[in-house]
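Visitor: Chains as they are written, first to last, in our numbering: chain A, 1 to 257; chain B, 1001 to 1249.
Since the hints were made in silico from the structure, they are not lab data. Remember, predicted model here, so these are calculated numbers, not experimental data. There could be a bad hint or two in this list.
[To be verified] Quick partial rundown of chain A residues pointing at chain B, CB under 10 Å, derived from the structure:
1. Lys75
2. Glu79
3. Met82
4. Lys104
5. Phe134
6. Ile138
7. Asn155
8. Lys157
Don't be surprised by glycine CBs; every beta carbon is placed ideally from N, CA and C.
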Amino acid sequence: MIRVENVQKSFGDNHVLKGIDATFLEGRTNLIIGKSGSGKTVFLKCLLGLHDTDEGIIDYDGRILSEMSKEQRRKLRLELGMVFQGSALFDSLTVEENVSFPLKMFTNKSKAEIAERTNFCLNRVRIENANHLFPAEISGGMQKRVAIARAIVMNPKYLFCDEPNSGLDPKTAMVIDELIKEITEEFNITTVINTHDMNSVLQVGDNIIFLADGKKVWEGTKEEVITTDNEEMVNFVFSSELFKKIRRAARKEQNLP
Amino acid sequence: MFITKFLEDIGRYFILMGEVFRRPDNLRMYWIAFARDLYTLGVKSLGLVCIISIFVGAVVTLQTALNLENPIIPKYYIAIATRESIILEFSPTMISLILAGKVVYNNASTLGTMRVSVQIDALEVMGVKSASYLIMPKIAACLIFNPVLIVLSMFLGIVGGYFAGSITGMISSTEFIDGLQMDYRPFYIYYALVKTVVFAFIITTVSAYYGYYVKGGAVEVGENSTKAVVSSSLVLIVANYIITQLLLS
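Based on the provided sequences and hints, a complete structural model is requested.
Guide: This is the structure:
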């Protein structure tokens, strides 16, 4: 579980995060949503420790991030997996080398054990016959899946994804969402996804927090998204006609106005 | 403004060096990175260094011969002048400057691209000491291989001079070899190698500094790579003066 309390972050006079509270539970897909510039990415970077917070607490199962030494943070990071927006695969390494990199760097496993674990993770994300290809030789969707395989190869307790389906076609995006949800439940990981993709919100959002102007404006589940009356949230999520229709139909089904 | 920026750069450079020289996470992975960098930065520069050294050695001999065309001055002075020019200045300084163009651009653009495509962030999130893992093997590769390149350059420069002198008939083989052996000071080799090692450190660390801290996109990577070449060349020239003052004066 990750508990966040009154997290604030400024860059000079620009107050990006203005006191965010949230709890991200294990085995659940936690979504951070909001418009561009709402502070999602800065919040995610604060959670990862890539930015230091000005105030507030980020608590990883009783371990307070701001109280940790550099070495303790490094050890915590061995428990984190991260899928970056652009995949961030190492260009000069093959798919297999990318996935096995953390194992080679941080474990004393034999070559056979590393190969076995790497292949397990690649099979888990349904990558076949691409072990010796370079990132530039595979599609965007495959790159995302390789990035997920790399993120889970060390058996992380916490998985972070920054816009995991940006730049993907709707079908592939759905596959990636489903994959992250399956992995979260299968390995009981605390997953935090940064997104503004409304398909993801309605498909995999076990717990959703909505940020606007650096503040948490709304929190709920994907079912509650339909019934919420929070104006900012409704305007953001149901900005397209298609989603407005979906909302009207769902509310009608539940006898809501 | 300029002074503030300059001091900020110096401070950040030393902070980066503090990050670079940290205990490696896994020596085997560093060793692999070192072997890769040794090949990319060192072995791949062999051809360039060889060709430049032979031809510049030849040109130095010919120019010296033309300037010493006087019956009173013995011909072997041409070989002495060639030897001293190549050992003292051409090989350690000029070749380092040429390598600065090649190695610095390579380092700064590689690290800069990794930074803007968040590959460095990916390493950090994994728990890898990114500065140490990415930069330390490059420094080690250049510190070890650049002296080899420079010694090779000295040898080939003199060989180039020997052949140029013999072929044009400006100095005979015997006179050239006599000149090479005359008044030889082994300390000059030591001086040249000290310069080479210092220059290798400057080349790799300055380029790493500019690449590692890039912000922006492809344009900024290009701009920072160019800044890295200019800055490392300037630092190298100043260091050349300081080392010469300290060791030869």
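Visitor: Each of the hints needs a verdict: does it hold here or not?
Guide: Evaluation of the provided hints:
With 10 Å as the threshold, the beta carbon of Lys75(A) comes within range of chain B, its nearest partner Cβ sitting at about 7 Å, so the hint holds. With a cut of 10 Å, the hint placing Glu79(A) at the interface with chain B holds, because the nearest CB-to-CB distance is about 9 Å. A hinted interface residue such as Met82(A) counts as satisfied when its beta carbon comes closer than 10 Å to some beta carbon of chain B; here the least separation is about 4 Å, so the hint holds. A least Cβ separation of about 6 Å between Lys104(A) and chain B falls short of the 10 Å threshold, and the interface hint therefore holds.
A least Cβ separation of about 14 Å between Phe134(A) and chain B goes past the 10 Å threshold, and the interface hint is therefore violated. For the restraint placing Ile138(A) at the interface with chain B, the shortest Cβ-Cβ distance is roughly 16 Å, beyond the 10 Å limit, so the hint is violated. Annotation: Asn155(A) was flagged as interfacial toward chain B, and the flag is violated, the nearest CB pair being 13 Å apart, outside 10 Å. About 13 Å separates the beta-carbon of Lys157(A) from the nearest beta-carbon of chain B, more than 10 Å, and the hint is not met.
Checked against the numbered hints listed earlier, the structure breaks hints 5, 6, 7, 8; every other hint is satisfied.
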